[in-house]
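Here the protein sequences line up with chains A and B, keeping their order. Mapping of the first sequence onto numbering that gives the first Met the number 0: position 76 corresponds to residue 75, and the numbering continues sequentially without gaps. Mapping of the second sequence onto numbering that gives the first Met the number 0: position 15 corresponds to residue 14, and the numbering continues sequentially without gaps.
There are no misleading hints in this set.
Put simply, identical chains are the same to the list, so a pair is met inside one copy or across any two.
Here are the simulated BS3-like pairs of lysine-lysine, each with C-alpha atoms no more than 30 Å apart in a straight line: (1) Lys18 / Lys50; (2) Lys11 / Lys77; (3) Lys50 / Lys77; (4) Lys11 / Lys50; (5) Lys77 / Lys18; (6) Lys45 / Lys22; (7) Lys45 / Lys18; (8) Lys43 / Lys11; (9) Lys11 / Lys79; (10) Lys45 / Lys11; (11) Lys68 / Lys45.
Since the hints were made in silico from the structure, they are not lab data. Since we're looking at a predicted model, the values are computed, not measured.
There are 2 protein chains.
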Amino acid sequence: MYVIIVYDIGEKRVAKVCKFLRKYLNWVQNSVFEGNLTESQFEKVKYGLKKLICEEEDAVLYYVFSTPKWVERGILGKEKNPISDFL
Amino acid sequence: MYVIIVYDIGEKRVAKVCKFLRKYLNWVQNSVFEGNLTESQFEKVKYGLKKLICEEEDAVLYYVFSTPKWVERGILGKEKNPISDFL
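Just chain A, same shape as in the assembly (with noise of 0.2 Å):
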């Protein structure tokens, strides 16, 4: 499944957040992340990110497909970080 996350967070929080889902996805640009994980992966990283969040003030939002045939993805401007998993 491909997932892709964008998070509104904390000043307080984000660097933890961000230093979590690098173990599991590629950063893409501020706020976001994206790339390929398993059923169990998902629920790991939902996981850590509940306990890692502020529920009242963060917001984190996904997005999975169970494949990125479906999705065209591009970019307008600066690529700040090239990934090759979606293609």
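Position chain B against the provided structure of chain A, taking the given hints into account.
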């Protein structure tokens, strides 16, 4: 077509980009817009964004899929702007 736009834009330009995107899409959380667009609307969005951003500094990522049915969308923490388009 369903479109997700995530941007990482310099402070001097972000307000204009936000104002522009609000004409076409739903603001979901900081740096994230989503919504249904026609092909021609999406072309207008891309054209308009190219005129507003600085190609050397700013990054705009977009994900396009023909129907949201293929995507599982979820939120952890606080939903900054609930949208009904997706379901």
